[in-house]
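2 protein chains.
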Amino acid sequence: MTAGSQVVSSEARPASGPVAVSRSPHASLRPLRLGEVQITGGLWGDRQRLNREVLLPGAARHLEAAGNFDNLRAAAGHGSAPFRGPVFMDSDVYKWLEALGWELGRDDGEGLVRLADDAISLVAEAQDRDGYLNSYYQVAQPAARWSNLAHDHELYCAGHLIQAAVAHARGRGDERLLHVARRFADHIERVFIGSDRPGTPGHPEIEMALVELFRESEERRYLELAGYFVDQRGHRLLGPGHFGASYFQDEIPVREATTVRGHAVRALYLAAGVTDIYLETGETDLLAAIEAQWRDMTAAKLYLTGGLGAHHQDEAFGDPFELPPDRCYGETCAAIASVMWNWRMLLATGKARYADLLERTLYNGFLAGVALDGSGFSYVNPLQVREQHHDPVERGARRQAWYDVACCPPNVMRLLASLQHYLISTDGEGVQVHQYAPARVACGVADGRRVAFEMLTEYPWQGSVTLQIEEAPSERWTLSLRIPEWAGDASVVVNGEPVQVDPGAGYTRVARVWRAGDLVELDLPMPARLTEPHPRIDAVRGCVAIERGPLVYCTEKIDQPAQVGIDDLGIDPSAPLRADRVQQPLHGAIAVKAEGVQAPAGSWPRSGPYGDYRPAGAASELERVELTAIPYALWGNRGDGAMRVWIPIRS
Amino acid sequence: MTAGSQVVSSEARPASGPVAVSRSPHASLRPLRLGEVQITGGLWGDRQRLNREVLLPGAARHLEAAGNFDNLRAAAGHGSAPFRGPVFMDSDVYKWLEALGWELGRDDGEGLVRLADDAISLVAEAQDRDGYLNSYYQVAQPAARWSNLAHDHELYCAGHLIQAAVAHARGRGDERLLHVARRFADHIERVFIGSDRPGTPGHPEIEMALVELFRESEERRYLELAGYFVDQRGHRLLGPGHFGASYFQDEIPVREATTVRGHAVRALYLAAGVTDIYLETGETDLLAAIEAQWRDMTAAKLYLTGGLGAHHQDEAFGDPFELPPDRCYGETCAAIASVMWNWRMLLATGKARYADLLERTLYNGFLAGVALDGSGFSYVNPLQVREQHHDPVERGARRQAWYDVACCPPNVMRLLASLQHYLISTDGEGVQVHQYAPARVACGVADGRRVAFEMLTEYPWQGSVTLQIEEAPSERWTLSLRIPEWAGDASVVVNGEPVQVDPGAGYTRVARVWRAGDLVELDLPMPARLTEPHPRIDAVRGCVAIERGPLVYCTEKIDQPAQVGIDDLGIDPSAPLRADRVQQPLHGAIAVKAEGVQAPAGSWPRSGPYGDYRPAGAASELERVELTAIPYALWGNRGDGAMRVWIPIRS
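Chains A and B are the protein sequences, given in the same order.
Quick note on numbering: numbering that gives the first Met the number 0 labels position 354 of the first sequence as 353, and the sequence is numbered without any gaps.
Quick note on numbering: numbering that gives the first Met the number 0 labels position 347 of the second sequence as 346, and the sequence is numbered without any gaps.
In short, the hints are calculated from the structure, not lab data.
By construction, the Cβ of each residue, glycine as well, lies at the ideal position given by its N, Cα and C atoms.
No incorrect hints appear here.
Just so you have them, the derived chain B footprint on chain A, three or more residues with Cβ under 8 Å: (1) 319–325; (2) 381–387; (3) 523–537.
Bound conformation, chain A alone (with noise of 0.2 Å):
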């Protein structure tokens, strides 16, 4: 019954990159494959050649101090070291080596492939006769295997490496690691289908590996086991735990479901596995649920950076509208699990707002938890911190080089080191850009008829992005330009002629004959702009925010005047933005210069002993001072200052 033996061997399919939807009617529109995308610079290339010569070595240095590599030896049988750290240690070595699949799949590299080569031998090693591989269980409660599926993280940890041994098998053809994941999900199979055990992860993410294993290996059970934890969802198996069974999306059967609720990364790693599986079922019911429960997202659980998780205390959805900047969690693994999400949206129904708030995920909430040097990672990505903070509360906002929960630094690698994947997708009909940077796209589109283009852009610091075709097929083809929600007059120019864009209609498309030397020029004008919360969003009332572009901006303290405070600083809505181009350490990013002003220290007349409430009505004098704006993805990368989004109103 061990199916460790049957290894499938993928040369006969082109190599894929992530989410490779098999021929399924599903799927709206399909991503590219290995190799027919590539970043060739700008903002995303300089984080990819960052993820490739910082982030992925100083992982491997990370990895050895923390115990992570120690614990697999340990499991392996080498030494009799205790295990370290949490239960998920594995986790983060395969999220890693993930990283380096795609990674050594866009471009070879002797350092990084004997850092992968002695990783995938060392999990090899640890791997047990019968298929099972926890280091957490195997060397520290070797008796007690499946006994906590709620917190011990097992079926997560098996997860990630399906992920990581999909990446390697389609990244490099390398299919030794793919041997040892499937060996696992064959015993995870039996443990679970075959003596009908009820159980569910605690920590979904083995959904998503599951239907990756099936495209992979084309073994329709690998999707019938990711079906069956999600079928098992929802019956409260998990128990309450310390913060209820909505905490694990426990509480109510997935299908049944119209609201993201609970941890943040539980319920997204959740929905993007659950799309997986319509990707490849074409169920309706499932679409139904995700679909309500992205509604319910965006409605009111959303932050203006596409952060996601307002509770520090259960790292969780808030409720309606709860959506305080100071407290924000938005952990950097829910932004990149918003992104697989959206991606995934995307690709099951084509419609432009999964495009849309991926965008506006990766260059806010997700962009901000990595440092301009690659020196550290944030965990925690607020909208505000004050001047008076205190840091050991807050030591997630904070950016660190490693941390003792280590699930986002590798969750941002694997993200980078695939990142090409989320720009461009075709169908029957053509082919679609989603996202703007400067690329390379040689593709086949319908009936393997094959299309080049250059894309040549400043994005996100200038809107004009220019298409060069190089080469295109005789037939007449459709290609699709995003109009981002946020641009109001887009334009699209063809050789000189301009073409009718509808904003509302989220794609322009021009079908046509097209022909080698055809320049697209597509322009999106940036002018800074002040956006609003909801009157329910209790905790920025009052506000404006600063956004240009798909960037969301922050005052930080260092860039304002000496005797200007963040937190007494107000905005003048009715005066003009100004862009500004700025210098180094900020990468020639753009700044935002807007009309501020200010309380005067001392200016808050105190009335008895409570200086922090007085009698309604009295009036404050003001100051007017020129008030400095930074894209939010890059702060905290001069010192550890104050910092806010949401600009009270004040003229």
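Assemble the complex: chain A is given as a structure, and chain B must be docked to it using the hints.
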């Protein structure tokens, strides 16, 4: 060396209540003796009756069901049941016993006497021969005593044992528990002082207790032991724990700390204990430090209700001005700790500000902590609950009959049982009335001269207070009446003659030769009023709160017209407020009516897919509605509905 047999009899001295300051010259004011003041009715009379008839007997059943008594039985060698509950289970028994000690000092009662005596016998039986007493360690970890001062609460439980013992010695003249407590205190002295062992409790509490034990026993070494624990704090002996050393107030020596920070109950129990030490030693560095901490707290970390603690995660103070109404922790225990600290500060300094904050806390943050009918307690006391709210995470904000961590219920009981002691004090010159309630007072003033008076009032519903002098010495003495910080146009009339009132002075002092039959009429007009927050309190920007007299008001869903949603409700601050007495079940409380506005359903224009943000500057339509506010202390007694204290300004 054991002092177990050296029980000091207190018969020579008149019986005292809590905080029985010694003859120390460092107390500006002195509390009344046991029996010198009685609450005769009104709101607090009603709460004291509820405590006696409902809460105290009910707690005995909960302590039995939760295993608190069984843990002590196991420690006493009866049965072999495993330890149940958190490590500090004993402290719940002790707080309840303390309440019984004060309660039985006010009024005998066979049922309560039997409950108390049974529990005291059990505690005495559980004590080890060497004086040690902590059922968690005795039952679950006998070899590990004192091994985890940071988290295992042995000294905290010892403190509550001592406080209970003092209450029974003072309240009932029953020294059996004092004998147990002194044996344990002597044991602790040997462990720490006797062996030069560094250490300080992870949760302060024993400091207050040891000072009271010093007062009761007149043994200075208990005061010194309290001082030892205070001196040892602030040197990071407790380690960083999960939230950093400041969680335990252990990152800065006590005399150098000028802010309140970390776990709120820990911070305030420590501050109260330090104030107790100051009261006995007069060390000015201690007073300066806690005065600075009090200023920091009231300038930037105090909820309008007197609630304290802005974080759920670590039950801690937030950064300055981080005061979210929805995620307010405002633990009932923190309000109680604040009452204890402010009372000690008042005794130390005689300054009205401490009585002001004590009043604000009693009538709002504390009183909200127990249901009108005694059927439940709240642990968390937020200032806002949305219409769509999530039960599991907020479960601490819903009144429950008991809690797994049951610190708050018996804490409520011990404060209610001794509440009359917080109303009135004496000094060499006369009598100070700090809090207004129907009461009878018969106390000594300087040199044993005796005064008696009756206080008649419908406070807090009406602001007129009448004092009828019933007995007075022939010498001149001073009657001091606190003019609350909220009272604008207070007046005092003695026998029909107006007395000059300086509202900024804190107290109006009337020095004269008083005669039986003299009549003092204090009037504190209570127009409903609007209060605004400091502009730095981001979470309630653009809002006002309704207050009336000492009461903070809130809008509760159930009181509004059916079409009005709490989440969309605004207030026109220019329209008049109107007080209006309401019927059952709110005990004849005064409601306040105001002119409200709300946006009609569906009036928020959605821009793009994100319902929670839009380009700034669009206007919203508003409808006028009547808004009803009730005292915050009474919310949550008619179901589980939405509530808010801070109401957005719209007009």
